[in-house]
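Residue numbers (the working numbering), protein chains in the order written: chain A, 1 to 113; chain B, 1 to 117.
Hints are computed from structural coordinates only; laboratory data are not their basis.
A couple of the hints might just be wrong.
[Said to hold, decoys possible] Here are the simulated lysine-lysine pairs, PhoX-like style, with alpha carbons at most 20 angstroms apart: (1) A:K42 with A:K2; (2) B:K11 with A:K42; (3) B:K44 with B:K71; (4) A:K42 with B:K44; (5) B:K11 with A:K105; (6) B:K62 with A:K100.
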Amino acid sequence: QKEVEQDPGPLSVPEGAIVSLNCTYSNSAFQYFMWYRQYSRKGPELLMYTYSSGNKEDGRFTAQVDKSSKYISLFIRDSQPSDSATYLCAMSANGGSNYKLTFGKGTLLTVNP
Amino acid sequence: EAGVAQSPRYKIIEKRQSVAFWCNPISGHATLYWYQQILGQGPKLLIQFQNNGVVDDSQLPKDRFSAERLKGVDSTLKIQPAKLEDSAVYLCASSAPTSGLSYNEQFFGPGTRLTVL
Chain A
1 QKEVEQDPGP LSVPEGAIVS LNCTYSNSAF QYFMWYRQYS RKGPELLMYT YSSGNKEDGR
61 FTAQVDKSSK YISLFIRDSQ PSDSATYLCA MSANGGSNYK LTFGKGTLLT VNP
Chain B
1 EAGVAQSPRY KIIEKRQSVA FWCNPISGHA TLYWYQQILG QGPKLLIQFQ NNGVVDDSQL
61 PKDRFSAERL KGVDSTLKIQ PAKLEDSAVY LCASSAPTSG LSYNEQFFGP GTRLTVL
């Protein structure tokens, strides 16, 4: 079993739709949960991070972590064509210096105008 | 603030040839990471430096891959000899020193896309 599982999609939605992206994990030591966005031929950029369980909201984006189920989600409200990208979940046991990120495969999202 | 710089952006080589990638991290960032991202996969950590010392190279194929970070700033990643399965994007990332529980963001460069024929 891989440490982090993520459905690679692809996922295609109309503009304005609510998008739900998910990852599951097996390592109970993970405490930091990140979502990165990667546009084609670019490096990943951090969208949001959450420490431990709970919800975090930033504009149209909401990240949720359920450590009891080892399940994390990213919701995108009022999706825009500019949201079209690959979304990578990533996790680590610590978040300070010298930590190691474990990534999911990424989900390719296309938002159609 | 300038981001993480990488060169070249693209490289095509024949198998068994050698290749080198260069990374210049964000100024002041002590930690530098090299990742391999195969098409359709998430990035996989190859090696992590703290200043010019290696923190983690457990997933680096040491029979063919090598990396160095002289003077704790720029870094080079080398593959010699290359295999077909080395075709991937090689990403460099850096992060600043921090302490406590706050998350220490890794900033990624644009990557070098390697094709081995």
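* Asked: So which hints don't hold here, by number, going up?
  -> Violated hints: 1, 3, 5; rest satisfied.
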